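Single-letter residue listing:
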Amino acid sequence: NAGVTQTPKFQVLKTGQSMTLQCAQDMNHNSMYWYRQDPGMGLRLIYYSASEGTTDKGEVPNGYNVSRLNKREFSLRLESAAPSQTSVYFCASSGQREGTQYFGPGTRLLVL
Amino acid sequence: DAKTTQPTSMDCAEGRAANLPCNHSTISGNEYVYWYRQIHSQGPQYIIHGLKNNETNEMASLIITEDRKSSTLILPHATLRDTAVYYCIVRSQGGADGLTFGKGTHLIIQP
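Chains A and B are the protein sequences, given in the same order. With the first letter of the first sequence counted as 1, position 43 gets the number 50 in my numbering; the numbers rise by one all the way through. With the first letter of the second sequence counted as 1, position 79 gets the number 90 in my numbering; the numbers rise by one all the way through.
Source of the hints: derived by calculation from the structure; they are not laboratory data. Only a predicted model underlies this, so the values are computations on that prediction, with no experimental measurement involved.
Taking lysine-lysine pairs in the DSS-like style, the calculated list, with each CA pair at most 30 Å apart, reads:
| hint | chain 1 | residue 1 | chain 2 | residue 2 |
| --- | --- | --- | --- | --- |
| 1 | A | LYS64 | A | LYS21 |
| 2 | B | LYS14 | B | LYS63 |
| 3 | A | LYS64 | A | LYS16 |
| 4 | A | LYS64 | B | LYS114 |
| 5 | A | LYS78 | A | LYS64 |
| 6 | B | LYS14 | A | LYS64 |
| 7 | B | LYS114 | A | LYS16 |
| 8 | B | LYS114 | B | LYS63 |
| 9 | B | LYS80 | B | LYS63 |
Negatives, chain A to chain B, calculated, CB over 10 Å:
| hint | residue |
| --- | --- |
| 10 | LYS21 |
| 11 | THR22 |
| 12 | MET26 |
| 13 | GLY70 |
| 14 | ASN72 |
| 15 | THR93 |
| 16 | VAL118 |
Built from N, CA and C at the ideal position, the CB exists for glycine as well.
Assemble the whole structure, with the sequences as input and the hints as a guide.
Have a look at this one:
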C-alpha cells in the first residue's frame, strides 16, 4: 500500500515548455486534489476532482489543466510553463465520507 | 470555511508537552477542526480532527473549547522529529472541497 505517489520528484523546465505531473493513489478514494506551495506559504488548491469523470477549479487554476484518467490517477498539465509556476506541487486524495486528505511527497518544479 | 488564527512560531523542550493553540471564532455548527503538519519539504500529514468533544489518537490530543471558538493540539511528549509546521483547518467533514491552508505554526523542538 503506497498511498499517494507522484512523478517526477523534481523537474527543471524552460519558459514555454510543457509537462505533465502524474499522481496515483491506491486507497480507492473518490476525491483527488492538486495543490501548489510557494516558499514560506501554505498550500493553495489548483484543481480538484470530486469523483471519476469530474474536475473543478480551485483557488489558483490559471495556467493549468487536469485530467482524471480513472479512479486512481489524476494528472496536472502545464501547457506553457512560466517562471511564476516555480513551486512545489502536492497531490492528495480523500475518501469522501471522512474528509481527511492524504498527501503525496511532492514534485519540485523549477521554471527558468 | 471559517478562518483560523495561529501563532507564527513556538518552541518546546524535547520530552515536554507541546500545546499549539488555534482560534476559529467564526466556526459554524457543521464544521470540524482538523490538524495537519508538514515536516520540512514533505507532504502534509493528517494528525487529528474533532467536532466538539475532545479527541485523542496515537499522535496527539485535541481539546476544543465548549463554545468551539478555539482549540489546542497537544503533543504529549515532543521529540525532535515533531519539529514541523502545524496547520489548524476548519471545514465540514463531508464533501470534496479542498483544504484552506494558512501559514500555520512553526513548532521547534529544542534538545
